[in-house]
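S.K.: In case you want the letters, here they are:
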Amino acid sequence: MSSIRRRLILILVLATGAIWLSALGWIQYTTQKEVTHVLDRRLEEAAHMVASLIRDGNVSIGVASNAVRQAPAEEDEEYHLVRQLSCQVWGLDGYLIGDSEGAPQQELSPAAAGFSENMVEGELWRVFTLVDPDLGVRVLVGDALAMRDHLVHGVVMGLLVPALLVLPALALLIWWAVGHGLQPLDRIGRVMAARPPSDLSPIDASRAPKEVQPMIDALNGLLRRVGGARERERSFTAFAAHELKTPLAGLRTQAEIARMAPDAATRQKALDQLSGAVERTDRMVKQLLEMTAVEHARPTPETRLRDSAEILRATVADLQPLAQKRGVRLEGQADAGLWQTGCAPLLQAALRNLIENALIAAPAGSAVEVAMIPEDKHILFRIADRGPGIAEADRPHVMERFFRAAGAKGSGSGLGLAIVAAAMDRMEGEIRLSPRPGGGELAELILPRAPRPGCG
Amino acid sequence: MRLLIVEDDDTLRDGLTVGLRLSGFSPEAVETCADARHALTLDRFEALVLDMMLPDGSGLDLLRELRAAGSDLPVLILTARDGLEDRVAGLDTGADDYLGKPFELQELAARLRALLRRAQGRAENLLEWNGLKLDPARMQGRRAGRDIGFSRREFTILAALMERPGAILGKAALEQRLYGWQDEVESNTVEVHIHNLRAKLGSAFIQTVRGAGYRLAPEEDRPA
Chain A
1 MSSIRRRLIL ILVLATGAIW LSALGWIQYT TQKEVTHVLD RRLEEAAHMV
51 ASLIRDGNVS IGVASNAVRQ APAEEDEEYH LVRQLSCQVW GLDGYLIGDS
101 EGAPQQELSP AAAGFSENMV EGELWRVFTL VDPDLGVRVL VGDALAMRDH
151 LVHGVVMGLL VPALLVLPAL ALLIWWAVGH GLQPLDRIGR VMAARPPSDL
201 SPIDASRAPK EVQPMIDALN GLLRRVGGAR ERERSFTAFA AHELKTPLAG
251 LRTQAEIARM APDAATRQKA LDQLSGAVER TDRMVKQLLE MTAVEHARPT
301 PETRLRDSAE ILRATVADLQ PLAQKRGVRL EGQADAGLWQ TGCAPLLQAA
351 LRNLIENALI AAPAGSAVEV AMIPEDKHIL FRIADRGPGI AEADRPHVME
401 RFFRAAGAKG SGSGLGLAIV AAAMDRMEGE IRLSPRPGGG ELAELILPRA
451 PRPGCG
Chain B
1 MRLLIVEDDD TLRDGLTVGL RLSGFSPEAV ETCADARHAL TLDRFEALVL
51 DMMLPDGSGL DLLRELRAAG SDLPVLILTA RDGLEDRVAG LDTGADDYLG
101 KPFELQELAA RLRALLRRAQ GRAENLLEWN GLKLDPARMQ GRRAGRDIGF
151 SRREFTILAA LMERPGAILG KAALEQRLYG WQDEVESNTV EVHIHNLRAK
201 LGSAFIQTVR GAGYRLAPEE DRPA
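Sequence order for the protein chains is A and B. Numbering-wise, the first sequence is residues 1 to 456 according to the working numbering. Numbering-wise, the second sequence is residues 1 to 224 according to the working numbering.
Hint data in this document are derived by calculation from the structure and do not stem from the laboratory. Treat the hints loosely; a few may be bogus.
[Unchecked claim] What follows is a set of in silico ranges between Cβ atoms, one per label pair, in the way DEER data are often shown: (1) 110(B) <-> 435(A): 41 to 51 Å; (2) 198(A) <-> 68(B): 19 to 29 Å; (3) 265(A) <-> 92(B): 40 to 50 Å; (4) 203(B) <-> 267(A): 57 to 67 Å; (5) 232(A) <-> 68(B): 49 to 59 Å.
Bear in mind the structure is a predicted one, so any value in this text is a computation, not a measurement. For every residue, glycine included, the Cβ atom is placed at its ideal position computed from N, Cα and C.
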């Protein structure tokens, strides 16, 4: 599990460390440059001083050479450094004329004039060579580079040691600050964890910082959707239970009548009522299950594309027995190869319910016509009957679950069109119901031809 | 006992009509609130069996209308919604009793008899006249320590007369008790049943009022 806290601390510590290190590098570089510049000037000045002392002739060459060690210095550090200078005075003929105390025996630099770096007795030296042709001498003044590095090292260490002492304190501060900054998240987490599963009320966002706001909004949106779905489910279940109680009461009453009937005719009639009611209740239970199946259908990888004409033909064939029983001709017409769908169960449920409705509404001797019509961007399924049609007053309500038109015969479950609507919702299609010219009802399913992702 | 049943489920409506008739009631049945209103203006009923969820509205609305119009018709609500709140709402709206679906026909019949008994101000669930005690629950009578059995139709006619002793009930009114609106009325049935009742109870028990109908004879020796 990734932790924001750990990540933030890591990022902050690494970033701070990196900044410290680059600052240190920068300081080392500039200090080195500055030290080189200043000490080079010193070498130059010391060489000129020795040369001028020799020229004045007041002092011996040895004393003049030692003067580099006593050169005035403004600060102790520099004085100490200057004292590290060594001086050699060579004759132009190549003999050592004199040198400062402690100066190396080896010639400091073979260079003719100016600055040079040279290995002397195993140490790297920086040397300034001054040639005075009038005096016939070469004055060489130099210092060991190790000494210069020591100086730079001292400066850098002076910065690094306090930094190393401060860093843990800084890390501690970062750790505390990050924890403090993440507190709103902790608080929301605690609030959510303490909730009972039934509590789907929105999280109070008034005290949350604005960075957390999008997350709270998204969570509240999810809570709202889950709550809505659960409310629908609950009302559906409650409704379904109520809707089943009435047919059950009918069944029970008829069964009691069959038991207490004084004559065979009454008993026979009660038994007929019973079997009819069992059939209707069975259909209602099937539709309840179908409704749930349609609403919860999930895309499954094994769902294969099926030709819609084949689905239509299969559905029509399934319903032929009902058509015969009702004395209605059921005619299906569809060309194969026009449209394939991965939502076969949904399309089948929608078609079956619409055709069943049409068959029940159609008067005996009439025909119910089912056709699949290809259009530019849509596929149209049209179911036409010659029944009484839907009453105008009922049109706004026919898609509602458990809605039954007043005086509707056959005691349907009131779920058929709700199933169709739910299936169309899942398939991103549309259902259109309209009065049919010449009498009857025209039901149309309008489905997008383009393949859609995600339907079971 | 004339009942009006308002229920939209075909099977249940048929079951209630047949079942309650077999239990000695004289029920009529309609499907919608509108039909119920119509029936109530056309005919006189002694009780109403009312479903709550009807295709053209709620049974509670119909009940509210009835009570607002000052009717004290006993009403039994029959519904799938039998939660506490629904029962309280139903009774507070003016229902006299409440029965959740599914129910037993026997219980419904017993509750209806109790409802009618209360409406008629009787403490005992027996109809009594001239020494005859009629038990609607068993469709049986008892007089001078002797049980008298009746057929369902005999009982229906006798109960109709005994519910309001002294009142004259016409042949049409009695036929209505025997048959629903949809039933074919067999001619002379009422006369045949009156004849049978007189054979069982004595010829003086039921009087014929020429041109008007039948009524019970006045009580001979009313106990103080």
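S.K.: Is 41 to 51 Å right for how far apart the beta carbons of residue 110(B) and residue 435(A) are?
M.R.: holds (50 Å)
S.K.: Is the gap between the beta carbons of residue 265(A) and residue 92(B) within 40 to 50 Å?
M.R.: Distance hint for residue 265(A), residue 92(B) holds at roughly 43 Å.
S.K.: Using the C-beta atoms of residue 198(A) and residue 68(B), is the stated range 19 to 29 Å upheld?
M.R.: violated (40 Å)
S.K.: Lying within 57 to 67 Å: is that true of the beta-carbon distance residue 203(B) to residue 267(A)?
M.R.: violated (36 Å)
S.K.: Between residue 232(A) and residue 68(B), does the beta-carbon spacing fit 49 to 59 Å?
M.R.: For residue 68(B) against residue 232(A), whose Cβ atoms are near 35 Å apart, the range 49 to 59 Å is violated.
Of the numbered hints given earlier, the model fails hints 2, 4 and 5; all others are met.
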